[in-house]
Amino acid sequence: MNDTALIAPSTGFLRRALRHPSFLTGAVIALAIAATAALSLVWTPHDYTAIDIALKMRSPSADHWLGTDPFGRDTFSMIMRGAVTSIAVSFVAVGIGMAIGVPLGLLAAARRGGPIDHAVMRTADFVFAFPALLIAIMLREVFGPGVTNAMIAIGIFNVPVFARVAYGASLPIWQRDFIMAARVAGKGRALITLEHVLPNIASVLIVQATIQLSLGILAEAALSYIGLGVQPPMPSWGRMLNEAQTYMAIAPRLALAPGLTIVATVLGLNLLGDGLRDLLDPRLARER
Amino acid sequence: MLSFVLRRFASLVATLVVASAVVFTAMEVLPGDPAQVMLGTQAQPDTLAALRTKLGLDKPAPERYVAWVGGLVRGDLGTSYTYSTPVSELVGERLQVSLPLALLALSLTILVAIPVGALAAARRNSMTDLSIMGVTQVGIAVPNFWFAMLLVILFAITLRWLPAGGFPGWGNGPWPALRGLILPAVALALPQASILARVMRSSLLDTLGEDYVRTARAKGLSEGQALRRHALRNALIPVLTIVGLQFSFLIAGTIVIENVFYLPGIGRLVFQAINQRDLIVVKSVVMLLVASVIVVNFLVDIAYAIVDPRLRRRG
Chain P
1 MNDTALIAPS TGFLRRALRH PSFLTGAVIA LAIAATAALS LVWTPHDYTA IDIALKMRSP
61 SADHWLGTDP FGRDTFSMIM RGAVTSIAVS FVAVGIGMAI GVPLGLLAAA RRGGPIDHAV
121 MRTADFVFAF PALLIAIMLR EVFGPGVTNA MIAIGIFNVP VFARVAYGAS LPIWQRDFIM
181 AARVAGKGRA LITLEHVLPN IASVLIVQAT IQLSLGILAE AALSYIGLGV QPPMPSWGRM
241 LNEAQTYMAI APRLALAPGL TIVATVLGLN LLGDGLRDLL DPRLARER
Chain Z
1 MLSFVLRRFA SLVATLVVAS AVVFTAMEVL PGDPAQVMLG TQAQPDTLAA LRTKLGLDKP
61 APERYVAWVG GLVRGDLGTS YTYSTPVSEL VGERLQVSLP LALLALSLTI LVAIPVGALA
121 AARRNSMTDL SIMGVTQVGI AVPNFWFAML LVILFAITLR WLPAGGFPGW GNGPWPALRG
181 LILPAVALAL PQASILARVM RSSLLDTLGE DYVRTARAKG LSEGQALRRH ALRNALIPVL
241 TIVGLQFSFL IAGTIVIENV FYLPGIGRLV FQAINQRDLI VVKSVVMLLV ASVIVVNFLV
301 DIAYAIVDPR LRRRG
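So the protein sequences, as listed, match chains P and Z. Under the numbering used here, the first sequence has 270 at position 270, and the numbering climbs by one with no breaks. Under the numbering used here, the second sequence has 138 at position 138, and the numbering climbs by one with no breaks.
None of these hints come from the bench; they were simulated from the model. The beta carbon of each residue, even a glycine, is placed where N, CA and C say it ideally should be. Careful: at least some of the hints might be erroneous.
As the list claims (entries may be wrong) - Residues from chain Z that face chain P, not an exhaustive set, calculated with beta carbons under 8 Å:
| id | residue |
| --- | --- |
| 1 | TRP146 |
| 2 | PHE249 |
| 3 | VAL270 |
| 4 | VAL286 |
What the hints assert, rightly or not - Computed far set for chain Z versus chain P, every beta-carbon distance over 10 Å:
| id | residue |
| --- | --- |
| 5 | ARG7 |
| 6 | LEU159 |
| 7 | PRO176 |
| 8 | ASP211 |
| 9 | VAL213 |
| 10 | SER222 |
| 11 | ARG229 |
| 12 | LEU232 |
| 13 | ASN234 |
To be verified - Just a few of them, taken from the derived set where beta-carbon distance is under 10 Å, the chain P residues facing chain Z:
| id | residue |
| --- | --- |
| 14 | LEU139 |
| 15 | ALA222 |
| 16 | ASN242 |
| 17 | ALA244 |
| 18 | ALA264 |
| 19 | ASN270 |
| 20 | ASP274 |
The shape of chain P in the complex, shown without the other chains (with noise of 0.2 Å):
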């Protein structure tokens, strides 16, 4: 692994990125919603929480692009908007996972067989048999649901994740030549793992990191639907789909719009981290 490329990629790094098919079709859709939520702090075609039940139902027209829901707000609006919040839950729950995973993992690495390593990854298996819903089942009652139920219990899930990425991507490093070469010129531990370990698993941490963030969406989708996440008047594709399921055989067209959204979304984080990976680390992609 050529290690000062994956701190700095070079124009070589961005000449193959761009002739790679599925970073680059992940990389367009994963910026098409990221502009998506931007643009809707500052504009949408109309006011996403305006009830008017006057304009119940609309099938789809130039005023209303993807028609209005059983209270007449717009779908279109709403869908938008809701990329804010699946972006926000994923993001700050993949943000707690690394903060609290990826120093436990390193700290399990650094000091590999004795009882910190042990008792660190006995934890990290322990959280796994704890999904993302039951966490925000228990925690409901203490945050109340919500966004930051959903937040908090989405990370939880995220932090055995990162910790075993973390250990297991930096447990070859430690086995290198350059890391025996700082301990001979009489670096602790610490000082290796800040210089020399985390700059080499920064590209699988980020990898992951992509992977978590899809996985993020889904989860506080399904949250959402089933009222444990964001509640109204914030919209959510989650929700959305939770309120379109009482109209599915009058307007399956409520169903279809956030539904697909989440599909894109998702589809195309998951692209974009098979092509980083690709990218990153040749020697995981060759048979893939």
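Model the placement of chain Z on the given structure of chain P, informed by the hints.
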């Protein structure tokens, strides 16, 4: 082998004890007063006090924890606050829906994923492989509850082949009950099967590169023969691990999917209990679900060690 099983069993028990402490703390200690949660803020002080005594909340937390775990071990999950029936009875009833649903979804996942993944690996880089990889890539991105809604729109509302929801019970023979479980099981299986097919493919590609497969080819076996006789079985080992890991997603998925189809299963029970603030049911059912994930992963570890003796040394 025996010492490996015993060691794993000891750690299983320890894990279950820690898990029960975590569930108990999250549900009973963190939010404050369960009696207040159940009765709401408008409750009269004497009603609150009565419920507290009834739930044993006047006793210290460690004592309550020991009583709860003792009950769990004896199969006594407490009495539901809203249904006034033992939670174990409720769970027993609901399992008649959830267990067949989970098993159906799991079998469907395995039956579809393994042949499909093997086919993709056997014909790598062909159009077949590319299409399978494309379809599974999308399958991973589809939320199971949305896929469930699409299935309902197509097969229940438009074609009227299968029920849109509800469950007639097993009393009227197996077929009406099974009919109610087909769409939910397919919805649960799609994302899982997509992931598993990809794991199967890459695992089989890894084994096809092994020396013993090359040896088999060298002694005159065709590529198909070598794949069937030597590579396939070894490729199934990582697939088994993923099946174990997927179990926790299956449980979460069941809770969501049961709500799409109004199936009276465990997921619906826990969801209704949350909305009715029936914390006794929530706590015990969450513990049961967590315990089932832990036990399944224990069983997978054991199965793994039976298949691959090298793993017995670690533990």
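Quick rundown of the hints versus the structure:
no.	hint	in the structure
1	TRP146	holds (4 Å)
2	PHE249	holds (7 Å)
3	VAL270	holds (7 Å)
4	VAL286	holds (5 Å)
5	ARG7	holds (13 Å)
6	LEU159	holds (13 Å)
7	PRO176	holds (22 Å)
8	ASP211	holds (16 Å)
9	VAL213	holds (14 Å)
10	SER222	holds (21 Å)
11	ARG229	holds (21 Å)
12	LEU232	holds (17 Å)
13	ASN234	holds (15 Å)
14	LEU139	holds (6 Å)
15	ALA222	holds (5 Å)
16	ASN242	holds (9 Å)
17	ALA244	holds (7 Å)
18	ALA264	holds (8 Å)
19	ASN270	holds (6 Å)
20	ASP274	holds (8 Å)
In this structure, every one of the numbered hints holds.
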